[in-house]
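Now for the letters of each chain:
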Amino acid sequence: MNKTEFYAKLSTPANDPASLALAAIQGDGEAGTYLRGVYDQFLAFSVEVTAFSRFDLEGTGQGEAYFATVIQVVGYEILEQLLDTFTSIINQTGGESTLVRNDLLRRRLFGNERLGPIARNIVKLWFTGNWYQLPRNWSEKFGPAPKDVTFTVSANAYVEGLLWTTIGAHPAGAKAQGYGSWANPPRIPEFGSDAVVR
Amino acid sequence: MHLRIDPTRLTTPHEAAGDGNYDAVIVGSGVSGAMIAEQLCKEGKRVLMLEAGPITSKSLRGYNDYVTNYFVSPGKDSQAPFPENPNAPMPRTPLLRKLQPGQVDSNTYMVQTGPYVTDTVYSRTLGGTTMHWQAKTPRMVPEDFKTRTLYDQGLDWPISYDDLEPDYQRAEREMGVSGDVTALRYPGGSPYPKDYVYPMKGMPPSYLDQMVNDGIEGTSVELDGQTIPLQVRPFPQARNGIPNEAYDGGKGYTPIGAVNTHQVDFGERCQGNTNCVPICPVQAKYWSGKTLAKVLRMNDEPDKGEIKILPQAVASKVEINPENGHVAGIQVKVYKNPDSPEHETITVRGKIYVITTAAIETARLLLASGLPSTSGLVGRNYIDHAYLFSWGLTPKICGAYRGTDCISGILDLRNGPFRKHQAAFSVDINNNGWSVATSSPYTDVTALVDDGNLFGSQLRRGLVDRVSRQLLFAFMIDVPANESNRVTVDPQYTDALGNMRPNLSFTTPEYSMRGAAYARQFAKTVFSRMGVIDYTQYSPSNFGYVVYEGEGYEIHGGCHLGGTHIMGTNKNNSVVDANQRSWDHANLYLAGGGSMPSIGTANITLTIAALCYRSTRAMLKQLSFETTTGATIHKTTGYHHGFSRHCDT
Ligand SMILES: Cc1cc2nc3c(=O)[nH]c(=O)nc-3n(C[C@H](O)[C@H](O)[C@H](O)COP(=O)(O)OP(=O)(O)OC[C@H]3O[C@@H](n4cnc5c(N)ncnc54)[C@H](O)[C@@H]3O)c2cc1C
Ligand code: SF4
Numbered sequence: 001m002n003k004t005e006f007y008a009k010l011s012t013p014a015n016d017p018a019s020l021a022l023a024a025i026q027g028d029g030e031a032g033t034y035l036r037g038v039y040d041q042f043l044a045f046s047v048e049v050t051a052f053s054r055f056d057l058e059g060t061g062q063g064e065a066y067f068a069t070v071i072q073v074v075g076y077e078i079l080e081q082l083l084d085t086f087t088s089i090i091n092q093t094g095g096e097s098t099l100v101r102n103d104l105l106r107r108r109l110f111g112n113e114r115l116g117p118i119a120r121n122i123v124k125l126w127f128t129g130n131w132y133q134l135p136r137n138w139s140e141k142f143g144p145a146p147k148d149v150t151f152t153v154s155a156n157a158y159v160e161g162l163l164w165t166t167i168g169a170h171p172a173g174a175k176a177q178g179y180g181s182w183a184n185p186p187r188i189p190e191f192g193s194d195a196v197v198r
Numbered sequence: 001m002h003l004r005i006d007p008t009r010l011t012t013p014h015e016a017a018g019d020g021n022y023d024a025v026i027v028g029s030g031v032s033g034a035m036i037a038e039q040l041c042k043e044g045k046r047v048l049m050l051e052a053g054p055i056t057s058k059s060l061r062g063y064n065d066y067v068t069n070y071f072v073s074p075g076k077d078s079q080a081p082f083p084e085n086p087n088a089p090m091p092r093t094p095l096l097r098k099l100q101p102g103q104v105d106s107n108t109y110m111v112q113t114g115p116y117v118t119d120t121v122y123s124r125t126l127g128g129t130t131m132h133w134q135a136k137t138p139r140m141v142p143e144d145f146k147t148r149t150l151y152d153q154g155l156d157w158p159i160s161y162d163d164l165e166p167d168y169q170r171a172e173r174e175m176g177v178s179g180d181v182t183a184l185r186y187p188g189g190s191p192y193p194k195d196y197v198y199p200m201k202g203m204p205p206s207y208l209d210q211m212v213n214d215g216i217e218g219t220s221v222e223l224d225g226q227t228i229p230l231q232v233r234p235f236p237q238a239r240n241g242i243p244n245e246a247y248d249g250g251k252g253y254t255p256i257g258a259v260n261t262h263q264v265d266f267g268e269r270c271q272g273n274t275n276c277v278p279i280c281p282v283q284a285k286y287w288s289g290k291t292l293a294k295v296l297r298m299n300d301e302p303d304k305g306e307i308k309i310l311p312q313a314v315a316s317k318v319e320i321n322p323e324n325g326h327v328a329g330i331q332v333k334v335y336k337n338p339d340s341p342e343h344e345t346i347t348v349r350g351k352i353y354v355i356t357t358a359a360i361e362t363a364r365l366l367l368a369s370g371l372p373s374t375s376g377l378v379g380r381n382y383i384d385h386a387y388l389f390s391w392g393l394t395p396k397i398c399g400a401y402r403g404t405d406c407i408s409g410i411l412d413l414r415n416g417p418f419r420k421h422q423a424a425f426s427v428d429i430n431n432n433g434w435s436v437a438t439s440s441p442y443t444d445v446t447a448l449v450d451d452g453n454l455f456g457s458q459l460r461r462g463l464v465d466r467v468s469r470q471l472l473f474a475f476m477i478d479v480p481a482n483e484s485n486r487v488t489v490d491p492q493y494t495d496a497l498g499n500m501r502p503n504l505s506f507t508t509p510e511y512s513m514r515g516a517a518y519a520r521q522f523a524k525t526v527f528s529r530m531g532v533i534d535y536t537q538y539s540p541s542n543f544g545y546v547v548y549e550g551e552g553y554e555i556h557g558g559c560h561l562g563g564t565h566i567m568g569t570n571k572n573n574s575v576v577d578a579n580q581r582s583w584d585h586a587n588l589y590l591a592g593g594g595s596m597p598s599i600g601t602a603n604i605t606l607t608i609a610a611l612c613y614r615s616t617r618a619m620l621k622q623l624s625f626e627t628t629t630g631a632t633i634h635k636t637t638g639y640h641h642g643f644s645r646h647c648d649t
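So the sequences go chain by chain: L and R.
Note that the first sequence covers residues 1 to 198 in my numbering.
Note that the second sequence covers residues 1 to 649 in my numbering.
These aren't lab readings, by the way, just hints derived from the structure by calculation.
We put the CB at the ideal spot given by N, CA and C, even for glycine.
Certain hints may be false.
[As the list claims (entries may be wrong)] Now the stretches of chain L that chain R is said to cover, found in silico as 3 or more residues with beta-carbon under 8 Å: (1) 61–71; (2) 79–92.
[As the list claims (entries may be wrong)] Just the calculated beta-carbon pair ranges, DEER-fashion: (3) Thr374(R) with Thr150(L): 51 to 61 Å; (4) Gln133(L) with Leu150(R): 29 to 39 Å; (5) Asp465(R) with Lys147(L): 25 to 35 Å; (6) Pro193(R) with Gly192(L): 32 to 42 Å; (7) Pro146(L) with Ser484(R): 30 to 40 Å.
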């Protein structure tokens with residue numbers, strides 16, 4: 001499966017996007033190497049914007065599904081543009097502080113009319129498992145994206161939402177913390193102010 | 001225990017219509033239907049149970065499908081687990097909109113004729129509304145039974161707290177209530193017998209509960225010249241905690257399960273899934289499937305009766321014998337597929353008929369059947385609690401979104417002489433943050449990311465700050481019976497099967513709005529004692545927006561449906577007697593919240609359940625009386641197909 005085939009297959013409704021993405025990323029040959037590279041960038045970006053480590057993100061098991069979701073809804077070109085922009089920011093700010101990097105991320109990525117809403121949606125995907133419908137003015141200008149409606153990626157995606165970990169709670173209806181645990185203060189995980197960027 | 005509905009327990013339309021030997025036809029499989037079936041089968045009776053919805057939750061897989069439906073619904077409203085079913089629809093909140101004066105909204109199943117729009121819901125599926133109730137089980141207080149006499153408000157019951165007390169105990173046993181009686185003994189509270197303990201020990205109060213208590217314990221409020229000391233008290237609740245070895249004179253209590261026998265799958269101890277509404281993933285929470293499982297087991301015991309369940313069977317018309325007013329049969333529309341209106345219509349018969357479809361649907365069915373009513377009160381006096389929310393951020397992290405949806409509250413304003421002037425209320429301290437008011441925490445994520453432009457560690461810090469400090473008080477305000485709050489039907493509004501839909505017209509009376517206004521003040525007082533930053537905002541575009549004395553409030557429905565077939569002392573002032581037996585139709589029982597002439601400030605289900613025990617005693621008496629004198633009745637009615645067959649054999 002080459003890159004174009006993979007992207008085409010992703011837009012076929014019958015295919016399960018997450019397993020397709022997984023297969024493609026693990027695939028042999030040039031396409032496999034290429035997609036692994038893109039996915040790697042996707043994870044690096046996700047680490048930066050969620051402040052969760054790559055270990056934590058991979059631990060959710062949702063990376064491939066989110067990667068596939070973004071491509072399915074808005075297409076790969078825009079995702080690649082976003083990731084390339086991100087990589088160039090990182091390259092440019094190699095030795096600098098988070099403050100400097102965040103400034104650039106804001107100016108060139110989150111503040112970019114085309115890429116900003118997608119970047120924010122990737123953040124929301126990780127925290128909630130939901131794809132949120134893009135702002136109307138985005139669709140008018142850069143759309144239409146027929147699959148762009150608000151939806152939960154999967155039951156597991158909901159359960160793995162990072163929001164719950166962030167606040168030391170658990171997704172309503174899953175990963176319960178045990179009888180009586182609620183009587184104690186929450187255990188809110190520590191995180192560094194600098195995200196780990198590879 | 002297993003709610004394995006053996007195929008032999010499910011009946012077919014053909015079989016149900018042809019079988020004239022049922023002692024009772026019960027409509028509905030909610031807690032009322034299940035508890036009545038259990039009591040009747042225990043005494044050897046034969047029961048036919050009609051359930052309008054599908055019986056998905058009968059298996060663990062079906063039950064889990066409901067949980068998954070909820071997980072994949074981005075809106076996560078309280079009906080999210082239950083798929084749309086045009087043949088037996090249910091009200092759904094996300095579709096509601098505000099009404100202008102004189103407008104009618106028929107876009108949702110329950111036609112809202114105003115002036116207020118209510119977001120009250122109930123479910124039509126196996127298990128009824130206990131599938132997604134929150135399972136708080138307070139008792140009413142004695143004064144709630146005589147509000148007309150004491151406060152000149154609403155209506156009195158024909159029975160007292162003391163009359164119902166032993167049945168409260170039975171209901172608490174059946175539901176396996178966890179609770180701490182010592183914390184609930186206070187002036188104005190429900191009196192418990194000396195030495196009484198609940199089947200299970202009280203749930204430990206949440207960290208947030210403790211924080212609120214730290215803020216208010218030792219303080220008081222002044223109301224109507226009365227000083228009311230404040231304290232946080234845990235609610236009794238129907239979910240598995242730690243069995244109390246002191247229960248039942250030291251015999252203890254064993255929890256019961258429902259859809260599977262595996263320890264991990266059936267009725268576990270509550271783990272704090274914070275998802276009691278709309279569905280508990282581990283069945284720690286009582287739902288009527290637990291009682292049905294018991295009934296189904298009785299089928300194998302020689303001295304017990306039996307139950308047959310007819311699923312996807314919508315009771316559509318109650319047929320009356322015009323000679324004596326007795327119910328002659330119930331017309332039922334049975335469909336195969338929720339997506340197709342195709343159905344067959346049958347008539348089922350029994351000696352007695354018990355309608356347990358909850359206040360709105362029961363009134364709907366009676367009115368759609370065109371039943372004569374001496375009092376003219378069918379559908380009138382619809383009651384529901386008015387809910388008002390107040391929310392803010394605690395000064396320190398309070399650990400929201402953990403524990404059961406709600407464990408404790410402030411109960412001291414449930415009762416007192418002030419009830420002459422303004423409605424009493426009970427206060428819930430919600431453990432699920434602001435979710436009921438603002439759809440938090442999702443709206444917090446979108447707000448911080450889209451509007452706050454946060455990402456990375458700033459976002460994480462923002463979320464902790466914004467979500468882990470969420471406190472919400474839900475005020476459950478008493479609404480007295482009022483004839484103009486009512487359910488009606490109208491032939492222009494029907495569902496896919498052609499059944500008339502319920503129309504609801506509802507106003508929150510001034511008495512309750514006075515309670516609401518005080519509730520808002522009360523929240524501000526407590527917030528100031530705790531140092532909570534108030535974030536409460538009521539939007540004029542919200543469907544429940546009400547202006548009272550120049551201030552706006554959002555009033556929400558309570559899902560505590562009462563009063564559409566109230567009980568009373570005679571056939572002119574009520575629809576049913578103190579045993580929930582219809583005054584006009586001697587073999588008809590209307591069991592459920594609809595019989596309650598007042599609901600006070602108690603979530604109503606425990607009282608509904610207690611009434612089931614009372615009613616079943618009356619049913620058994622009636623059945624045994626009719627068995628001995630059956631021949632006469634048989635002769636005079638000629639209609640009692642089921643009954644006559646029974647006598648002939
Ligand atoms: C979100 C929510 C939270 C709640 N929390 C609490 C709480 O904490 N404490 C509390 O006490 N109460 C609570 N309640 C209320 C509680 O759920 C109800 O009072 C209780 O479940 C009513 O039981 P019931 O058996 O009388 O009626 P239901 O449970 O509504 O059962 C009615 C049954 O009849 C069936 N039916 C309806 N129409 C027909 C027909 N035409 N033909 C055949 N069958 C039909 C339905 O499918 C259903 O099975 C809550 C309710 C909601 C919605
Ligand atoms: S807190 Fe969780 S485990 Fe406990 S009853 Fe509610 S949903 Fe069930």
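Task: Check of the stretch 79–92 of chain L against chain R for coverage (Cβ-Cβ below 8 Å, three residues minimum) - done: That given contact is violated, which follows from only 0 residues of the stretch 79–92 of chain L lying within Cβ reach (below 8 Å) of chain R.
- [ ] Starting from the range 25 to 35 Å, see whether the pair Asp465(R) and Lys147(L) falls in it by beta-carbon distance.
- [x] Because 34 Å falls inside the window, the suggested range holds.
Task: Coverage criterion applied to the stretch 61–71 of chain L (partner chain R; beta-carbon cut 8 Å; 3 residues) - done: violated (count 0)
Task: Distance restraint hint 51 to 61 Å, applied to the beta-carbon atoms of Thr374(R) and Thr150(L) - done: holds (52 Å)
Open item on the list: For the hint 32 to 42 Å, verify it against the beta carbon of Pro193(R) and that of Gly192(L).
Closed with: Violated, at about 58 Å.
Open item on the list: If I claimed the Cβ atoms of Gln133(L) and Leu150(R) lie 29 to 39 Å apart, would that claim hold in this structure?
Closed with: violated (54 Å)
TODO: Note whether the CB distance of Pro146(L) and Ser484(R) lies within 30 to 40 Å or breaks it.
DONE: Hint violated: Cβ distance 49 Å, outside 30 to 40 Å.
Hints 1, 2, 4, 6 and 7 from the list above are not met by this structure, while the remaining hints are.
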